[in-house]
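A.B. asks: Here is what each chain is made of, one letter per residue.
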Amino acid sequence: MSPEPLSIVDAGAALRSGESTAVGLLASVLSRAEMTESELHCYLNLDREGASRAAASADEELERGVDRGALHGIPVAVKDNMCTRGLETTCSSQILSGYLPPYDATAVARLREAGAVIIGKTNLDEFAMGSSTENSAYGPTRNPWDTERVPGGSSGGSAAAVAAGSALGALGSDTGGSIRQPASLCGIVGMKPTYGLVSRYGLVAFASSLDQIGPLTRTVTDAAVLLAAVAGHDPADATSYSGPLPDFAAGLHAGVEGLKIGVVRELNGEGYQAEVSEATGDMLNRLSAQGAEVVEVSLPMFDVALSAYYLIAPAECSANLARFDGMRYGLSIKGPTAAATMAATRAEGFGPEVIRRILLGTYALSAGYFDAFYGQAQKVRSMLQSEFEAAYRKVDVLVSPASPTTAFRLGERTQDPLAMYLSDICTIPSNLSGHPAISVPISLDSKGLPIGFQVMAPALGEQVMFRVAAEVERLAGFGALPAPALAPPTRVPL
Amino acid sequence: MPIDVDVAHVANLARLALSPEELDRYRQELGVILEHASRVQQVETSGIMPLSHPLGSGNVFRPDEPSPSLDREEVLEMAPESRDGFFVTPPALD
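Those sequence lines, one after another, are chains A and B.
Residue 445 in the working numbering sits at position 443 of the first sequence, and the numbers go up by one each step.
Residue 17 in the working numbering sits at position 9 of the second sequence, and the numbers go up by one each step.
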């Protein structure tokens with residue numbers, strides 16, 4: 003028996019050669035889920051019935067010669083902050099417990115049109131606010147490489163599911179690193195597209211000027227394939243990009259010869275795990291040996307990006323989450339007046355981190371503090387954007403670690419919000435600038451935990467970003483490294 | 009120095025009914041976070057335009073064509089209370 007394919011591309015080939023069926027692929031990931039879920043808790047909701055129907059239909063279509071492309075018959079998972087019609091969508095919050103959306107998010111609808119089989123909804127930090135998936139009202143997700151450690155967050159369920167083999171790919175959302183940081187901590191590929199490339203319609207809003215949906219996969223090619231399926235203009239999202247899209251997978255294996263790679267000086271040094279810095283430096287040497295010109299670049303605004311982010315993101319969240327009022331959907335705790343109903347419902351329905359950020363944002367936007375906090379943060383954002391643009395006039399891509407440390411222990415940072423916020427220091431700048439960025443696993447630290455390498459590119463620079471990422475992946479040979487300790491997916495028979 | 013926030017006022021603005029203990033905890037946490045966040049105030053920003061949106065899109069138009077909206081019954085199924093096709097809410101004014 004051949005091992006079950008682990009990548010979307012391999013699975014697609016197996017489907018078309020007749021080695022596998024969509025029903026078989028689904029059975030395989032569901033059996034992985036059965037083996038691992040009690041320990042990992044990647045999923046809030048496995049939609050066995052819906053997935054079975056989709057898989058049977060995908061097989062039936064292929065038999066008839068109807069081929070919807072690379073995702074046809076591929077089992078994928080969706081972060082539970084994207085609306086799925088008639089399938090519970092909670093954002094890991096009590097306030098949305100039992101909520102059945104009356105429509106599909108555009109990204110979800112596109113997955114269905116592409117023939118993908120949606121297995122279920124993955125766990126996250128409540129409303130995508132967090133870096134460890136510990137802020138879920140339904141319990142944390144654990145890291146498949148070490149179940150005493152967090153998978154990162156907020157897309158920790160999606161990242162852990164892909165790492166553990168209970169999905170071949172997954173969608174996440176990235177507001178400050180929520181795709182790339184968990185991908186890094188779980189040893190997989192995670193990518194945040196250029197702002198506007200993927201429609202946000204039906205993605206429950208956290209910070210609208212920062213949120214972006216993107217892929218979590220085992221390979222760089224898979225990330226390009228999954229992105230291609232969900233990207234594209236959507237009239238239902240006014241911020242959606244309406245220009246022509248490149249072929250994301252084209253030129254992926256062109257190598258890095260002749261490319262100029264900028265190493266961000268500010269994303270290293272104090273606060274960075276020594277092994278992360280070493281692995282990053284080692285990869286830079288290898289890229290250089292392949293013919294890339296590696297230069298150091300300084301972007302001083304990176305030092306205040308985190309501060310600006312923790313004013314801008316909470317400000318937008320406080321406005322977006324005003325919609326949870328106990329009147330139209332979700333939890334409702336009746337009071338004598340509308341205001342009392344709202345206050346009681348929201349205090350009961352939101353967890354501590356969400357309340358913390360609503361309070362922060364409300365304060366930063368309130369009379370007397372607006373200019374000093376929110377207004378000033380927006381100016382810093384503007385300066386950061388200018389620094390990025392200046393850097394991209396000199397280099398093709400910027401690189402850094404994806405996370406300052408490898409996976410930390412459950413509970414290690416929950417009592418110190420600021421320490422948790424620092425987990426996203428490498429990823430936040432690209433959200434503020436709206437630029438694409440990707441995390442690629444490159445090695446393991448001495449504890450056997452994955453280290454991720456980040457490649458950032460200018461707006462709509464996905465092609466060069468994927469090209470460098472694919473070379474990083476090839477040089478790292480991470481696929482050859484030992485897979486997660488918890489029943490490695492490479493050894494699961496068909 | 010941690011920033012002193014009138015959390016009770018902010019919680020009221022945000023429509024969050026918090027206990028005195030919760031208010032006290034959030035006051036301390038917010039003070040520390042805002043102290044870090046106030047580093048943005050050390051940046052010289054005179055003459056800089058604030059950036060609210062990363063890729064600066066202008067107004068967006070779509071064809072003004074009628075299309076079906078969400079099914080009213082299906083939407084109201086998720087409401088805590090509804091009557092005659094409308095949401096039922098407590099009085100907004102005393």
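Just so you know, the hints here were simulated from the structure itself, not pulled from any lab data.
All figures in this text were calculated on a predicted structure; none of them were measured in a lab.
For glycine and all other residues, C-beta sits at the position ideal for the given N, C-alpha and C.
There may be inaccurate statements among the hints.
[Stated by the list, open to error] Computed spacing ranges between beta-carbons, pair by pair: (1) Val68(A) with Pro76(B): 20 to 30 Å; (2) Glu414(A) with Gly39(B): 17 to 27 Å; (3) Gln36(B) with Gly273(A): 36 to 46 Å; (4) Glu85(B) with Glu280(A): 53 to 63 Å; (5) His61(B) with Ala374(A): 13 to 23 Å; (6) Glu150(A) with Gly39(B): 26 to 36 Å; (7) Glu259(A) with Met57(B): 33 to 43 Å.
[What the hints assert, rightly or not] In silico SDA-like pairs for lysine to any residue, Cα to Cα no more than 25 Å straight-line: (8) Lys336(A) with Val51(B); (9) Lys336(A) with Pro74(B); (10) Lys336(A) with Leu101(B).
A.B. asks: Could you check the hint for me, namely that His61(B) and Ala374(A) are 13 to 23 Å apart, CB to CB?
C.D. replies: 21 Å, holds
A.B. asks: Per the hint of 17 to 27 Å, is the separation of the Cβ atoms of Glu414(A) and Gly39(B) within bounds?
C.D. replies: Since the Cβ atoms of Glu414(A) and Gly39(B) sit about 22 Å apart, the hinted range of 17 to 27 Å holds.
A.B. asks: Go ahead and decide if the range 36 to 46 Å is satisfied by the Cβ distance of Gln36(B) to Gly273(A).
C.D. replies: 23 Å, violated
A.B. asks: Are the Cα atoms of Lys336(A) and Pro74(B) separated by 25 Å or less?
C.D. replies: It is violated: about 37 Å lies between the C-alpha atoms, which goes past 25 Å.
A.B. asks: For the hint 20 to 30 Å, verify it against the beta carbon of Val68(A) and that of Pro76(B).
C.D. replies: 27 Å, holds
A.B. asks: Can you confirm whether the C-alpha distance between Lys336(A) and Leu101(B) stays at or below 25 Å?
C.D. replies: 15 Å, holds
A.B. asks: Quick one, are Lys336(A) and Val51(B) close enough, alpha carbons at most 25 Å?
C.D. replies: Judged against 25 Å, a Cα distance of about 46 Å means the pair is violated.
A.B. asks: Should the hint that Glu85(B) and Glu280(A) are 53 to 63 Å apart at their CB atoms be regarded as holding?
C.D. replies: Because 56 Å falls inside the window, the suggested range holds.
A.B. asks: Could you see if the CB distance from Glu150(A) to Gly39(B) stays within 26 to 36 Å?
C.D. replies: 32 Å, holds
A.B. asks: A range of 33 to 43 Å was offered for this pair. Does it hold for the Cβ distance of Glu259(A) and Met57(B)?
C.D. replies: 39 Å, holds
Of the hints listed earlier, those the structure fails to meet are numbers 3, 8 and 9, in rising order.
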